[in-house]
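Enquirer: For the record, the sequence lines run as chains A and B. Residue 197 is where the first sequence ends in this note's numbering, and the numbering goes up by one at each step. Residue 197 is where the second sequence ends in this note's numbering, and the numbering goes up by one at each step.
Simulated from the structure, these hints should not be mistaken for lab results. Owing to the predicted nature of the structure, the values given are computational and were not obtained by experimental measurement. Built from N, CA and C at the ideal position, the CB exists for glycine as well. There could be a bad hint or two in this list.
[To be verified] In silico DSS-like links for lysine-lysine, alpha-carbon gap of 30 Å or less: (1) A:Lys50 with B:Lys22; (2) A:Lys158 with A:Lys131; (3) B:Lys50 with B:Lys74; (4) A:Lys74 with A:Lys50; (5) A:Lys22 with B:Lys50; (6) A:Lys22 with B:Lys22; (7) B:Lys22 with B:Lys74; (8) A:Lys50 with B:Lys74; (9) A:Lys22 with A:Lys50; (10) A:Lys159 with A:Lys131; (11) B:Lys159 with B:Lys131; (12) A:Lys134 with A:Lys159.
[Unchecked claim] Derived, one-sided and incomplete: chain B residues facing chain A with beta-carbon distance under 7 Å: (13) Gln12; (14) Leu16; (15) Ala45; (16) Gly48; (17) Val49; (18) Leu53; (19) Arg55; (20) Val58; (21) Leu62; (22) Thr63.
2 protein chains.
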Amino acid sequence: MYPQSLQTLIEQFRRLPGVGEKTAERYALVMADLPEEEVRQFADALIGVKTQLHRCPVCGNLTDHEECAVCRDKERDRRTIFVVQSPRDVTAMERAGEYQGVYHVLNGLISSSRGVLPEDLNIDSLVARAKDAKEVIIATSATMDGETTAMYLDRLLKKECPDVLVTRIAHGLPAGGMLDYADEITLSHALADRRAM
Amino acid sequence: MYPQSLQTLIEQFRRLPGVGEKTAERYALVMADLPEEEVRQFADALIGVKTQLHRCPVCGNLTDHEECAVCRDKERDRRTIFVVQSPRDVTAMERAGEYQGVYHVLNGLISSSRGVLPEDLNIDSLVARAKDAKEVIIATSATMDGETTAMYLDRLLKKECPDVLVTRIAHGLPAGGMLDYADEITLSHALADRRAM
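Next comes chain A alone, as it looks inside the complex (with noise of 0.2 Å):
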């Protein structure tokens, strides 16, 4: 239907999570409207993340540099570890701006009904890393993945790290969440992570 050169783009953006036929024809169509300096430049920043961007080795997070950001800065206590899915989780919690430990990113959760196993995850280096740490924070996401790869670690580091003390990021009710909008199972967690005020 579209010239051959669009109808290319239009499948590249389908690529995209949640991106179907109709947004990605708007997609396309936005970026043949562009002139073409400003089309390069989303062209180069896509070969960008390629050529500079990489794990990094010590917590797994995403950097331009050797080492990450949180890694390479020396006033973070990297005696506590923070255990996330992915780099988003990092920044997340660095918006927050209240942690002052380091992270550990596993890029992704254990899944059952996807196929990802333990050893498919960055977790070989966090037990590494768990062995100098005082305490390691589990957070996986509250999901049922989140909370099987949780439960995993729990028993690897308990077994590989007996010194460590390793917990879990609470769960309960969010900022603003009002108590008859919430889910049972938000409520169930409330309720039993309750603590004396």
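Since the structure of chain A is provided, determine the placement of chain B on it from the hints.
Expert: Same frame as chain A, now just chain B:
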């Protein structure tokens, strides 16, 4: 927060319509995880639309060839011109597979709110083509700007090409549309444009 190369790509994705910070992050991280070869194909596709794609000199639609596929097709009835806002409308209409005439793509709509004037659109060549036509079907959308453009074109064509029949596509209840879910304007149109059965 993110490494520079990733942040640059996130900003590029934010240029796309309806893409906010979170979505742009998600898109950029997907790209970071793809093999380099596939990301290069995406970048090449972007460059491709700027180097190969251009406006058909006859109708204003996008094409990789000298003229667009419809204008090149000798079977199409050149005396009936279907006037639309964008190349997407041509594709939508071609998918319906009913229409045998040719198109004219305005590449926009007259809009007082966005400051788009008639001279910003592909209108001059429409008037020139309409002089040899039997019918001009105005198929701009049923929105404020679409109606303004339709009225402007109707007046212009009646003045410049008094012999041509100027029509407007029907407005009414869409296929599968239920009366009790339709808005007032759609219902007013459906009533006003009723026809004998």
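Enquirer: All the hints need checking, so say for each whether the structure fits it.
Expert: We went through each hint and held it up to the structure:
| no. | hint | result |
| --- | --- | --- |
| 1 | A:Lys50 with B:Lys22 | holds (21 Å) |
| 2 | A:Lys158 with A:Lys131 | holds (11 Å) |
| 3 | B:Lys50 with B:Lys74 | holds (28 Å) |
| 4 | A:Lys74 with A:Lys50 | holds (28 Å) |
| 5 | A:Lys22 with B:Lys50 | holds (21 Å) |
| 6 | A:Lys22 with B:Lys22 | holds (20 Å) |
| 7 | B:Lys22 with B:Lys74 | violated (48 Å) |
| 8 | A:Lys50 with B:Lys74 | violated (46 Å) |
| 9 | A:Lys22 with A:Lys50 | holds (28 Å) |
| 10 | A:Lys159 with A:Lys131 | holds (11 Å) |
| 11 | B:Lys159 with B:Lys131 | holds (11 Å) |
| 12 | A:Lys134 with A:Lys159 | holds (15 Å) |
| 13 | Gln12 | holds (5 Å) |
| 14 | Leu16 | holds (5 Å) |
| 15 | Ala45 | holds (4 Å) |
| 16 | Gly48 | holds (4 Å) |
| 17 | Val49 | holds (5 Å) |
| 18 | Leu53 | holds (5 Å) |
| 19 | Arg55 | violated (10 Å) |
| 20 | Val58 | violated (14 Å) |
| 21 | Leu62 | holds (6 Å) |
| 22 | Thr63 | holds (5 Å) |
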